[in-house]
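Enquirer: Residue strings, one per chain:
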Amino acid sequence: MNILQPIGRVFLGFLRTTGRLSLFTGGVFAHAVRPPFYPRIILRQMIDIGYFSLPVVGLTAIFAGMVLALQSYTGFARFSAEGAIANVVVISITRELGPVLAGLMVAGRIGASLAAEIGTMRVTEQIDALTTLSTNPMKYLVAPRLIAGLVMFPCLVLIADVIGVFGGYLVAVYKLGFNPSIYLQNTYDFLQAEDVNSGLVKAAVFGGIVTLMGCYHGYHSQGGAQGVGRATTNAVVSASILILCFDYILTALFFTQ
Amino acid sequence: MADDTPKIRMRDLHKSFGTKQVLRGLDLDVGVGESVVVIGGSGTGKSVMLKCVLGLMRPEQGSVEIDGQEVLTMAADEREEVNRHMGMLFQGGALFDSLPVWENVAFGLLAQKRVGRPEAKEIAVSKLAQVGLGPEVGDLFPAELSGGMQKRVGLARAIAADPDIIFFDEPTTGLDPIMADVINDLIVKTTREVGASALSITHDMASARKIANRIAMLYEGRIIWQGPVADIDHAGNEYVDQFIHGRAEGPIKMAVRA
Numbered sequence: 001m002n003i004l005q006p007i008g009r010v011f012l013g014f015l016r017t018t019g020r021l022s023l024f025t026g027g028v029f030a031h032a033v034r035p036p037f038y039p040r041i042i043l044r045q046m047i048d049i050g051y052f053s054l055p056v057v058g059l060t061a062i063f064a065g066m067v068l069a070l071q072s073y074t075g076f077a078r079f080s081a082e083g084a085i086a087n088v089v090v091i092s093i094t095r096e097l098g099p100v101l102a103g104l105m106v107a108g109r110i111g112a113s114l115a116a117e118i119g120t121m122r123v124t125e126q127i128d129a130l131t132t133l134s135t136n137p138m139k140y141l142v143a144p145r146l147i148a149g150l151v152m153f154p155c156l157v158l159i160a161d162v163i164g165v166f167g168g169y170l171v172a173v174y175k176l177g178f179n180p181s182i183y184l185q186n187t188y189d190f191l192q193a194e195d196v197n198s199g200l201v202k203a204a205v206f207g208g209i210v211t212l213m214g215c216y217h218g219y220h221s222q223g224g225a226q227g228v229g230r231a232t233t234n235a236v237v238s239a240s241i242l243i244l245c246f247d248y249i250l251t252a253l254f255f256t257q
Numbered sequence: 258m259a260d261d262t263p264k265i266r267m268r269d270l271h272k273s274f275g276t277k278q279v280l281r282g283l284d285l286d287v288g289v290g291e292s293v294v295v296i297g298g299s300g301t302g303k304s305v306m307l308k309c310v311l312g313l314m315r316p317e318q319g320s321v322e323i324d325g326q327e328v329l330t331m332a333a334d335e336r337e338e339v340n341r342h343m344g345m346l347f348q349g350g351a352l353f354d355s356l357p358v359w360e361n362v363a364f365g366l367l368a369q370k371r372v373g374r375p376e377a378k379e380i381a382v383s384k385l386a387q388v389g390l391g392p393e394v395g396d397l398f399p400a401e402l403s404g405g406m407q408k409r410v411g412l413a414r415a416i417a418a419d420p421d422i423i424f425f426d427e428p429t430t431g432l433d434p435i436m437a438d439v440i441n442d443l444i445v446k447t448t449r450e451v452g453a454s455a456l457s458i459t460h461d462m463a464s465a466r467k468i469a470n471r472i473a474m475l476y477e478g479r480i481i482w483q484g485p486v487a488d489i490d491h492a493g494n495e496y497v498d499q500f501i502h503g504r505a506e507g508p509i510k511m512a513v514r515a
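Which chain is which? The protein sequence lines are A and B, in order.
Here our numbering is used: the first residue of the first sequence is 1, the next is one more, and so on.
Here our numbering is used: the first residue of the second sequence is 258, the next is one more, and so on.
Everything labelled a hint here was simulated from the structure, so no lab data went into it.
Wrong hints could be hidden among the right ones.
Label pairs and their calculated CB-CB ranges [what the hints assert, rightly or not]: (1) A:F11 to B:G404: 42 to 52 Å; (2) A:T25 to B:D284: 35 to 45 Å; (3) B:D442 to A:I241: 33 to 43 Å; (4) A:L21 to B:S355: 21 to 31 Å; (5) A:G26 to B:N470: 41 to 51 Å; (6) B:R479 to A:Q226: 53 to 63 Å; (7) A:G13 to B:G290: 23 to 33 Å; (8) A:N197 to B:D269: 56 to 66 Å; (9) A:E194 to B:S355: 38 to 48 Å; (10) A:G26 to B:S273: 22 to 32 Å; (11) B:S273 to A:N2: 25 to 35 Å; (12) A:V162 to B:S355: 30 to 40 Å; (13) B:S273 to A:G108: 51 to 61 Å.
Listing some non-contacts, in silico: residues in chain B with all C-beta distances to chain A over 10 Å [to be verified]: (14) S299; (15) L313; (16) E338; (17) G344.
Counterexamples of contact, computed for chain A against chain B with all Cβ distances above 12 Å [as the list claims (entries may be wrong)]: (18) N2; (19) L54; (20) T74; (21) A129; (22) S240.
Predicted model, so just to flag it, every value in this text is computed and none were measured.
The C-beta atom is built at its ideal place from N, Cα and C for all residues, glycine as well.
In isolation and in its complexed conformation, chain B is listed as follows (with noise of 0.2 Å):
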């Protein structure tokens, strides 16, 4: 394998629902040790690009690899294999309700027995500590904790088999200004602790100046421009313009029917 090869490349990725057509050829590339974020406003297709990065949703047309391999026409036990060296962060958490949080955070360990449940336990302990919660925070259920939280483990969980690549949806969403800077720096953190690639999506700017090394702006099913985090500010680009200073005019039209 050539050592420039991308972490994650897609290449003319399609997908539509019945007669809407959200993603529309688009290219993105994410380098190893990289962290790219995808800026972009609701109902552009970032979740719909994310989902179908992790094999949550199958793309029409395209192709998606990962270290060069392509994942879109693996079987399901060659996949779950890539899947192993990924962690995603969800929007909502997207924590296991009848679960402790420890059990959670260490979910891909035990799923793939990979260690015994005292092990799994010291790991998630561990873990939770990277993430800046105490080991009695273990003990406790999801419901039992704050959003910020829940944010904090669920990026605990994401980084707990220590991957190559980790996945933020919308990381900062629903959180107040400081929790969201704390998770940002976590984040930051993390995922040079880890050395992993990453890949996030948001239409928070502030978080994704904290955490990019390039920033990608997909509109209408493409990426529309690209470049390092220092030239957003100087784009040449009217959408990325618009979109960066929360313009109400600009080219980008906001649909206020379906």
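The following block holds chain A by itself, in its conformation from the complex (with noise of 0.2 Å):
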């Protein structure tokens, strides 16, 4: 038996996905910038992408940021440290919790979606019928959910870092005893900009990273509804590991000196 056999066709086979993957990714990006632009399908995704995700992302962000004053306060109370609790809160929301946890949540909402969804346009022939009719599909399918994706993920994670620092604030407030002006005071003066920008970045990444994953397993998938079962979770699954993988470096990047 030779075992390096099947270790160099998985090796291949990874080298492959790779590089179909970075095409695919070159193409999208070089078709998002070039006309025609289709407005009405980027609205629509931007609606579905944004608009439908809020519910999610509110309901992880608020009990994270509840979660995350609860802790804090048992941790710290044993140093007597509790007044950090509204800087533990605010830069782990707007750094880490709110671009991360929105990302996972949405990756499974909408990565799912888009693979199903146009793994079954593939499988339908609804893509062959889209060349057919002139109509180049990266363009028309593509690249506008990689724009909504790009666009409404850091607005997601905007909307979800404020969701969170308020939950922050009930837990510490109502439940802890803390001084609402104080602790308001204390999550404004430690905050800074760069907090706030880093995860709006990391979110623009995994943005990308949701939709192109989605797109590209949807895209790719054949041999009929088993194959767009397997195209959505891969979507999920390529989604949710990039994104931990992409966290890490992005925090490299911008916290390391």
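With the hints as a guide, bring both chains together as one complex.
Expert: Spelled out as structure tokens, the structure:
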């Protein structure tokens, strides 16, 4: 039995996927900046990705903020540093939890739906029909979704930041007995523009990852309903892993000297 | 350009998938205003041939000319321009689920920004009327239509831009015999009305006899016989004879394993 054969096959498969994904990404960005544009589709996607994701992102953010305040209190009370809760909550939410949790939640919602929609279009020949109608599928299907993801993710994360901080405020004030104005003053004093900006840049990158993974796996799905199901799973799993990888890379870029 | 230049000319087309050779040197012409039907069993390469002409698939070898122009080596935007003069009726309809019927029909016109939305809707309604559907169908979604109605909408979409060439992929598959005949009549009528050349693939002989001027038989990736539709019953080719009579016995052996 040759043990190198399966290893080589997996490695070649990885290289092939990486190459195809790179070409796909380059192609989509090239189409996204060149006319014709499809403003109606971009708007529809922005509503789908942004507006309809608000409940899930809002709920995630408020509970994350509340848990963070509670956990920080129980930990910091051991060495009488309860006053730092406001700082911990706002920095954790804006730099890390806001973009990552929103990214992961929307990856599940939007990544899956994009892969299923485009995958179904692939297996029912709707993508071929676009080509025969002189419409480039990358430009008509993928580029508007990428643009919508790049624009709406930062908006979602900005809202998640506000809701997350508000969750921390609710627990600190109504459960732990903090003074509301001092808590808000602490939050405001320790928050820096860099904290919010880094989170928004992460959000835009995560938006690109989620939409690209959803579209890529849907676009290349094959084999009927089973293929579409596989594409959906692959889109969510690969987007989630890439979000965590790029979170580390971007954090290292922003915050290490 | 000489007058006898065919609308479509395919020469020595080869296409493989892995070790399986599907097209093995296919040659076929479709004349101006002519309706050619390619018949053949499942897996003989009919759909692959159509996809090669439409630019959905790239053959490894050979040439495809449309109006004397080689299309395989064209840039993407040139190819899009060529496709603007084509219409295609897909086997499953391939209607866009997210759009109402009228937007499906007028999709090509809207995407190319050739007309505004109100005018596009008017054109869509008139094309729907050509295939026997009322204006109220225009506001429905594809999922609300029966299989036969979906085929009609697909046909309306194929003729919406008054194309020079229309392709039909198994136009009667999955339809009852009466609806299949209705679709065949519509294909003949609409193709004549727009004055287009037509290339169809099917294994439904009733459909082939009705819509074809000329029939070509594809077997193992090559055209093994072609001639006027009137000659099909005395083609003098045992493969054709077996196929049109649907006999299990004969030179064509059906693969029972892939």
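Enquirer: Quick check on a hinted range of 56 to 66 Å for N197 of chain A and D269 of chain B, using CB atoms only.
Expert: 60 Å, holds
Enquirer: Checking the smallest CB distance to chain B, is L54 of chain A really beyond 12 Å?
Expert: Correct as stated: the minimum Cβ-Cβ distance to chain B is 22 Å, above 12 Å.
Enquirer: Does the hinted range 22 to 32 Å hold for G26 of chain A and S273 of chain B at CB?
Expert: 28 Å, holds
Enquirer: Does the hinted range 35 to 45 Å hold for T25 of chain A and D284 of chain B at CB?
Expert: At 40 Å between Cβs, range holds.
Enquirer: Can you tell me whether the CB distance of E194 of chain A to S355 of chain B sits inside 38 to 48 Å?
Expert: 41 Å, holds
Enquirer: Measuring Cβ to Cβ, find out whether S299 of chain B lies farther than 10 Å from everything in chain A.
Expert: 16 Å, holds
Enquirer: Would L313 of chain B pass as off the interface with chain A, using Cβ distances and a cut of 10 Å?
Expert: 5 Å, violated
Enquirer: Between D442 of chain B and I241 of chain A, does the beta-carbon spacing fit 33 to 43 Å?
Expert: With a Cβ separation near 55 Å, D442 of chain B and I241 of chain A fall outside 33 to 43 Å, so the hint is violated.
Enquirer: Has the hinted range 21 to 31 Å been met by the Cβ atoms of L21 of chain A and S355 of chain B?
Expert: 26 Å, holds
Enquirer: Does the claim that T74 of chain A lies outside the interface with chain B hold up, using a Cβ gap greater than 12 Å?
Expert: 50 Å, holds
Enquirer: Confirm or reject the statement that N2 of chain A sits farther than 12 Å, beta carbon to beta carbon, from all of chain B.
Expert: Per Cβ check, N2 of chain A is outside 12 Å of chain B; nearest 21 Å; holds.
Enquirer: Is 51 to 61 Å respected by the C-beta to C-beta distance linking S273 of chain B and G108 of chain A?
Expert: Violated, at about 40 Å.
Hint compliance for this structure: hints 3, 6, 7, 13, 15, 16, 17 and 21 are broken, all remaining hints hold.
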